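Chemist: Read off the chains here:
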Amino acid sequence: MTLSPRHGVTITAALMAMMGCRANRAALPESHEVSEPATPPEPAALSALVAVPVSGWTGPGGGTFEVARRTSDFDELRYRRIGVRSFALPLRPAARGLAQYPCSSCHQGTRLTGPRDAPAHENIRPEHPVLAQGACPTCHVPGAVDRLLLAAGSSATLDHAYRLCAQCHFAQVNDWAGGGHGKRLVSWGGRRVVLSCTDCHDPHRPGLDPRLPFAGPRIRRAPEAAR
Amino acid sequence: MSDGREMLDKRVGRRTAVGMIAGTVAAASQLLGACSPANLLSEEEREARLLAWEDHLKGQFRLMTPEERTETVRRLERLAKLRQGVDVTIADTAAVPGVVFGYAFNISKCQGFRNCVEACVNENNLDRRAGTQYIRIFEMEDGGGIDLDHADATFQHEVPAAGHFYFGTQCFQCANPPCVEVCPVGATWQEPDGIVVVDYDWCIGCRYCMAACPYWARRFNWGRPEVPEEDINPVQHYLGNRARKKGVVEKCTFCIQRSRSGRLPACVEACPTGARVFGNVLDPHSEIRWVLEHKQVFRLKEDLNTEPRFWYFTD
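Chains A and B supply the protein sequences, listed in that same order. Numbering-wise, our numbering puts 128 at position 128 of the first sequence, and it's gapless, one number per residue. Numbering-wise, our numbering puts 1067 at position 67 of the second sequence, and it's gapless, one number per residue.
If you are wondering where the hints come from, they were derived from the structure by calculation, not from laboratory data. What you are looking at is a predicted structure, and each value in this text was computed from that prediction instead of being measured. Be careful, since some hints might not be right.
[As the list claims (entries may be wrong)] Label pairs and their computed distance ranges (CB to CB):
no.	chain 1	residue 1	chain 2	residue 2	range
1	B	Ile-1146	A	Arg-92	15 to 23 Å
2	B	Asp-1231	A	Ala-45	46 to 54 Å
3	B	Ile-1146	A	Leu-212	21 to 29 Å
4	A	Leu-212	B	Ala-1212	19 to 27 Å
5	B	Asp-1092	A	Ile-219	44 to 52 Å
[To be verified] Calculated from the model, a selection of chain B residues having no Cβ within reach of chain A, i.e. all distances over 10 Å:
no.	residue
6	Glu-1044
7	Asp-1055
8	Asp-1315
Think of the CB as a built atom: it goes at the ideal place given N, C-alpha and C, for glycine as much as any other residue.
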């Protein structure tokens, strides 16, 4: 007789019952899969999120998901209320938070050419373009700088920056779509709204800066104290 | 006289008896109050003492009827107002059926910033005087493996430090929790959604659970926990972040006051690197399930058969 994992569960449950296991131990579930997953209560903050559906990728289990909009005011994303405090996530400013957004307010009729030749955007440190041997027009549409240039020749808005990043960072974007990379907002169930790549990473300089951590524990564990 | 006989004839259950004693005690303390220095107490302090007495004689949370739960919640809310001057709401929200919480931690992503710790302390009203923290972030050397004996959780320098990686621990809400097994009074148990909780008013402070936990996940209140009035999180749960007292054990509850209302735990919400994944392991559309199905995952001290619901993974 061959034993399937299902038999194993039943046998374990029977053994536990025979041994008179404590009632306060959680009973083994009959099945590990529920046909109709429970719908969790929807937090109020979730309905306030401004997001757009992601095109081209599906979330965990093949479901659809949304990405928070960079082009709208997203202070409600940046500041999360934890306890009585308002915690600022180290997110980049939204596009609207940039002093001169939209870019076309200056870049009218001008075409981006190669590396910058005039003193502009001094705050941008183009480490990533330098490493990748690119320049402004590699990613920004030369004649319409509010949009991002995709390899296929089409373009995407800043809300869909992940489509640009995905052209090289395959593994990361797969993890991001599935839930192993990046941040989901507000809720663990129901509507899935995630941050886009450029909400956390500066595309011109994608690493995180080192900094001092929050205070550590004052009490050491026994092995540490013994040393 | 007939009243007395009826009283004797009536079957007095344990609960009724406790109620009767409570009534007697309350009456006696009022009587005492009338002819002792206690009379000098303010109206509010007298009310607080009476409520504390009544609260002292209640049952264990799991054995309470819905009415008793409502009653004790209202009483504790009133006590918080009288004692701490804060308007709090204490929920007794039950587990959502079909939900078992799971947690995953990405070792490649964590940079040791401890924003999770900061958020946890604020969210869960942890004792500021003792500096209680549920989460530990261990700094480990690259190439040394998961070596807890040579890891440092008390690092205080710019992070991430070169040649090191960071490994976070907290309560793993084990499916086979040894802490629950050893509790002599049934003050700690596992809820249907997998969260291991403590009834702070039933705990006797023996700390067996702390000795039984192989992950150092539980914390003991050596003194009365102190939180500045303006920092108290008023959104509370009976089994979560409500006021604890001296001499009881507490622990991470995956922020039961948040997670049971659909929100992410504070540590997940505050993590600046996205190293923390949380969700319903029974839901095939959840992020946690995707991580479990697509990533190499492992659990800490898996050989102990504690079955933690907390998985580690790498990119």
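Chemist: List, from low to high, the hint numbers that the structure doesn't satisfy.
Modeler: The structure breaks hints 1, 2, 4, 5 and 8; every other hint is satisfied.
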